[in-house]
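Chemist: In order, the protein sequences belong to chains A and B. In terms of numbering that gives the first Met the number 0, the first sequence is residues 0 to 356. In terms of numbering that gives the first Met the number 0, the second sequence is residues 0 to 324.
No lab work stands behind these hints, which were simulated from the structure alone. Be careful, since some hints might not be right.
[Said to hold, decoys possible] Subject to a maximum C-alpha distance of 16 angstroms in a straight line, what follows is the list of computed EDC-like cross-link-like pairs (lysine to aspartate or glutamate):
#1 A:K294 with A:D17
#2 B:K251 with B:D203
#3 B:K305 with B:D294
#4 B:K226 with B:E318
#5 A:K150 with B:D21
#6 B:K2 with B:E181
#7 B:K278 with A:E345
#8 A:K51 with A:E307
#9 B:K194 with A:D340
#10 A:K150 with B:D49
#11 A:K68 with A:D259
#12 B:K18 with B:E46
#13 A:K51 with A:E314
#14 A:K153 with A:E243
#15 B:K196 with B:E243
#16 A:K281 with A:D17
#17 A:K83 with A:E152
#18 A:K181 with B:D54
#19 A:K181 with B:D49
#20 B:K218 with B:E310
#21 B:K319 with B:D203
#22 A:K351 with A:D329
#23 B:K2 with B:D185
#24 B:K194 with A:E338
#25 A:K151 with B:D21
#26 A:K150 with A:E243
#27 A:K151 with B:D49
[Said to hold, decoys possible] Chain A is nowhere near these chain B residues, computed Cβ spacing over 12 angstroms in every case:
#28 R14
#29 D29
#30 L43
#31 L44
#32 E126
#33 H127
#34 E181
#35 P184
#36 G201
#37 G253
#38 F265
#39 H284
#40 Y299
Everything numeric in this text was worked out from a predicted model, so none of it was measured. Positions of the beta carbon are idealized from the N, C-alpha and C atoms, including for glycine.
Read off the chains here:
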Amino acid sequence: MPRKKIAEFSIDYLQVMDEGGVVDQSLMPNISDAQITEFYRYMVLGRVFDEKLFSLQRQGRIGTFPQAKGQEAANLGAIACLKKDDWLVPSYREYAGLLYRGVPLSRFILVFSGDERGNSHPETYRCLPYCIPIGSQLPHAVGIALGMKLKKEKNVALVFMGDGATSEGDFHEALNFAGVFKVPCIFVCQNNQYAISTPISKQTSSQTIAQKGIAYGIPSIKVDGNDIFAVYAAAQEAVSRAREGNGPSLIEAFTYRLCDHTTSDDSKKYRSQEEIAQWEVKNPIARLRKFLESKKIWTEAQEAKLLEECSIKIESAIKEAEDLGIPPLDHMFGYMYQEMDQQLNEQFHYSKKFEGK
Amino acid sequence: MAKLNMVQAINQALRLEMKRNDNIILLGEDVGVDGGVFRVTDGLLQEFGDQRVIDTPLAESVLIGASLGLGMYGFRPVVEIQFSGFIYPGFNQLISHVARLRNRTRGSLSCPIVVRSPYGGGIRALEHHSESMEALFAHIPGLKVVIPSSPSQAKGLLTSSMRDPDPVIFLEPLRLYRAIKEDVPDEDFAIPLGKAKIVQSGKDVTVISYGAMLWVTQKAIAQIGYKYGVELIDLQTIKPLDVETIIASVKKTGRCVIVHEAPRSFGVGAEIVSQINEKALYDLHAPVERVAGFDTIVPYYKNELKYIPSEERIIAAIEKVMEGI
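Assemble the whole structure, with the sequences as input and the hints as a guide.
Modeler: What follows is the structure, encoded as structure tokens:
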């Protein structure tokens with residue numbers, strides 16, 4: 000009765016473009032220059048938007064806001080692989096990618112200024128609203144993907160999470176369920192190495208997050224999350240696998256948040272300036288810009304024009320959101336059920352008496 | 000018309016509604032090959048196939064969370080949680096997502112799912128199998144809570160739940176699963192949610208109950224015979240509560256006893272007393288009485304019947320509100 004090895008696993012790491020913007024052509028996915036430029040435009044829009052909302056929060060014009068600075072490639076690279084009929088299930092640090100998907104800027108401003116109307120009609124973009132309870136969105140994506148499979152569609156569901164979410168039960172339940180039913184679901188973990196203050200070393204003793212997918216029979220890979228091409232290549236592979244009926248995948252996009260957890264956080268308490276500076280160098284936007292400039296498809300003049308366009312778009316979105324004013328009171332009661340029951344109706348009429356008082 | 004017990008009646012409701020609506024799918028642990036540990040889903044896998052009757056991994060959170068995804072994607076998932084005591088790993092999905100989806104998307108998406116689960120005591124079960132936690136669910140804005148008390152009622156209420164546009168927690172009293180048989184119409188029929196049933200009319204005292212306790216209450220009333228005119232109300236739906244029927248009855252009788260198996264404090268009884276206080280206080284001839292489980296852990300089965308309201312406790316409460324007549 001010998002003792003023998005019955006299973007063996009390994010995890011690939013993928014980087015296509017190094018920190019200097021130099022690409023390994025043998026690994027480079029097939030993307031047109033126009034599409035790459037488009038990626039860049041939305042990454043910059045995401046970044047400018049991020050910084051603008053931070054200042055709006057400081058001015059008291061919006062409430063608490065989670066920034067996503069530094070993670071633009073990790074989310075946009077994956078979202079760019081989706082088609083119109085696919086569903087996207089975000090966490091809350093994916094602005095660049097969501098903007099690329101077509102979600103209007105004003106919706107985020109509405110949400111973070113305390114107005115649920117920013118979440119309405121998610122079916123228009125096939126993108127669910129952001130999700131605050133960590134990891135609890137993963138089962139939803141699995142359910143949508145199961146629905147796609149039962150309807151025999153070729154669509155996929157793509158869901159985001161952070162590294163902290165991989166400690167939640169929902170991560171494990173969702174991956175296990177997805178693996179068992181081979182649903183067309185792509186799990187993308189933006190591993191920015193911190194769950195608020197908790198470093199990844201205290202989150203897990205696994206060498207990688209990717210390997211957690213292996214336990215559920217799910218093809219998994221770790222990529223340089225600040226390299227848009229690596230994220231895109233891995234996501235393309237995962238999306239194709241799902242569309243062909245070969246089930247889910249897990250992508251660990253290794254990245255760093257160049258900002259606090261939210262506007263209420265101060266990351267200086269748990270991260271050194273040296274560490275942040277090291278990651279500034281790996282900035283995904285600067286890296287892609289170097290690539291574009293080396294290919295002579297991006298100029299200083301284009302950059303200046305883009306920044307100006309971004310500001311105009313954002314200013315107009317802020318105005319659009321602020322012009323909407325305070326949501327009517329009947330929204331609070333009217334969307335609890337398809338029909339308001341007697342108790343709610345009584346409470347609604349009672350609350351109206353005090354409106355504006 | 001056939002004589003069915005509650006298990007058979009629920010099975011029939013599921014079968015008829017699955018025939019009527021292709022979007023209904025059943026999900027749960029052991030619901031397929033095994034037909035459910037109580038055989039509620041017996042034969043449905045054979046009839047509808049494994050795309051509509053889905054045996055899932057043992058994971059309540061993803062079971063309920065994935066049902067949200069299926070629900071917003073056009074399906075009508077009917078989830079079985081094997082015992083209500085095992086629903087709590089999925090509680091976060093219920094409270095944080097299922098109950099909120101319609102509201103937070105301003106009505107764009109909804110979550111028409113039914114979570115079925117056996118609940119309540121009285122069958123000498125193991126620990127964690129006997130609790131009555133309906134108030135927890137009723138307290139969550141966005142959910143509906145339904146509890147049947149008879150086979151045909153279970154069929155009619157479950158049918159309505161499966162047609163409801165909003166999430167419904169459907170709690171099936173374990174004690175009644177096989178305890179009673181009654182004539183159940185063969186065809187599908189729906190009993191509207193949010194409506195209580197006046198089981199018997201009376202002018203002296205309103206007695207309100209639901210689920211398995213309705214039967215104990217009926218026995219208690221039978222024991223005191225025609226001494227008082229008892230108006231017995233079966234809530235059927237816990238939420239939304241049919242306050243109108245309750246208040247109309249209490250205004251008529253001026254006395255009220257509420258019977259439930261769930262813990263006494265902060266429960267359905269407390270809510271009913273509050274409603275009476277707000278809308279019929281000056282019609283009362285006596286303080287409202289609650290006969291309930293205690294604020295204790297449900298004891299292991301040797302003492303179980305000391306926890307669950309008995310006929311004697313119900314009679315004592317009725318006598319108390321009738322004092323001085």
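Chemist: Look at each hint and say if it fits the structure.
Modeler: For each hint, the structure was consulted:
A hinted pair counts as satisfied when its Cα atoms are at most 16 angstroms apart, and K294 (chain A) with D17 (chain A) qualifies at roughly 15 angstroms. Distance hint between K251 (chain B) and D203 (chain B) is fulfilled; the C-alpha atoms sit about 8 angstroms from each other, no more than 16 angstroms. Restraint check for K305 (chain B) and D294 (chain B): the C-alpha separation of about 13 angstroms stays at or below 16 angstroms, so the hint holds. Restraint check: the Cα-Cα separation between K226 (chain B) and E318 (chain B) comes to about 10 angstroms, which is no more than 16 angstroms; the hinted pair holds.
Distance restraint check for K150 (chain A) and D21 (chain B): the Cα-Cα separation of roughly 11 angstroms lies within the 16 angstroms cut-off, and the hinted pair is therefore satisfied. At roughly 5 angstroms between alpha-carbon atoms, K2 (chain B) and E181 (chain B) fall within 16 angstroms of each other, so this suggested pair holds. Note on K278 (chain B) and E345 (chain A): the hinted pairing holds, with a Cα-Cα distance of about 12 angstroms set against a maximum of 16 angstroms. Between the alpha carbons of K51 (chain A) and E307 (chain A) the distance comes to roughly 13 angstroms, so the proposed pair stays at or under 16 angstroms and holds.
For the hint linking K194 (chain B) to D340 (chain A), the alpha-carbon distance of about 11 angstroms falls within 16 angstroms, and the restraint holds. For the given pair, K150 (chain A) sits about 13 angstroms from D49 (chain B) by alpha-carbon distance, which is consistent with the 16 angstroms threshold. A C-alpha spacing of about 9 angstroms is found between K68 (chain A) and D259 (chain A), which places the hinted pair at or below 16 angstroms, so the restraint holds. At roughly 10 angstroms between alpha-carbon atoms, K18 (chain B) and E46 (chain B) fall within 16 angstroms of each other, so this suggested pair holds.
At most 16 angstroms may separate the alpha-carbon atoms for a hinted pair to count; K51 (chain A) and E314 (chain A) meet this at roughly 9 angstroms. A distance of roughly 7 angstroms separates the Cα atoms of K153 (chain A) and E243 (chain A); the hinted pair therefore holds under the 16 angstroms criterion. With a C-alpha separation of about 12 angstroms, the suggested pairing of K196 (chain B) with E243 (chain B) holds against the 16 angstroms cut-off. With a CA separation close to 9 angstroms, the supplied pair K281 (chain A) and D17 (chain A) stays within the 16 angstroms bound.
With a C-alpha separation of about 13 angstroms, the suggested pairing of K83 (chain A) with E152 (chain A) holds against the 16 angstroms cut-off. Straight-line distance between C-alpha atoms of K181 (chain A) and D54 (chain B) comes to about 14 angstroms, which keeps the hinted pair within the 16 angstroms bound. With a CA separation close to 14 angstroms, the supplied pair K181 (chain A) and D49 (chain B) stays within the 16 angstroms bound. At roughly 7 angstroms between alpha-carbon atoms, K218 (chain B) and E310 (chain B) fall within 16 angstroms of each other, so this suggested pair holds.
A threshold of 16 angstroms between alpha carbons decides the hint, and for K319 (chain B) with D203 (chain B) the separation of about 13 angstroms falls inside it, so the pair holds. At roughly 9 angstroms between alpha-carbon atoms, K351 (chain A) and D329 (chain A) fall within 16 angstroms of each other, so this suggested pair holds. For the given pair, K2 (chain B) sits about 10 angstroms from D185 (chain B) by alpha-carbon distance, which is consistent with the 16 angstroms threshold. Restraint check for K194 (chain B) and E338 (chain A): the C-alpha separation of about 15 angstroms stays at or below 16 angstroms, so the hint holds.
The hinted pair formed by K151 (chain A) and D21 (chain B) meets the criterion: a straight-line CA distance of about 14 angstroms does not exceed 16 angstroms. This hinted pair checks out: K150 (chain A) and E243 (chain A) have alpha carbons roughly 14 angstroms apart, not beyond 16 angstroms. Between K151 (chain A) and D49 (chain B) the alpha-carbon distance is near 14 angstroms, which keeps this suggested pair within the 16 angstroms criterion. With 12 angstroms as the threshold on Cβ separation, the claim that R14 (chain B) sits away from chain A holds: the shortest Cβ distance comes to roughly 19 angstroms.
Interface exclusion of D29 (chain B) from chain A stands, the closest Cβ pair being 15 angstroms apart, more than 12 angstroms. Residue-level check passed: L43 (chain B) sits 16 angstroms from the nearest beta carbon of chain A, beyond 12 angstroms. Listed as a non-interface residue, L44 (chain B) keeps its Cβ farther than 12 angstroms from every Cβ of chain A; the least gap is roughly 15 angstroms. The non-interface label for E126 (chain B) is consistent with chain A: the shortest C-beta to C-beta separation is roughly 22 angstroms, beyond 12 angstroms.
Distance check on H127 (chain B): its Cβ is at least 18 angstroms (rounded) from any Cβ of chain A, clearing the 12 angstroms threshold; non-interface status holds. With a cut of 12 angstroms on Cβ distances, E181 (chain B) stays outside the contact zone with chain A, its closest approach being about 29 angstroms. Every CB of chain A is more than 12 angstroms from the CB of P184 (chain B) (nearest about 27 angstroms), matching its label as outside the interface. No Cβ of chain A comes within 12 angstroms of the Cβ of G201 (chain B); the nearest lies about 24 angstroms off, and the non-interface call holds.
The claim that G253 (chain B) is not at the interface with chain A holds, since no C-beta of that chain comes within 12 angstroms of its own (minimum 23 angstroms). Every C-beta of chain A lies more than 12 angstroms from that of F265 (chain B), the closest at about 17 angstroms, which supports listing it as non-interface. At roughly 26 angstroms, the least C-beta separation between H284 (chain B) and chain A is larger than 12 angstroms, which holds for a residue marked as non-interface. Every Cβ of chain A is farther than 12 angstroms from the Cβ of Y299 (chain B); the closest lies at roughly 28 angstroms, confirming the non-interface assignment.
Going down the numbered hints, you'll see the structure goes against none, and every one checks out.
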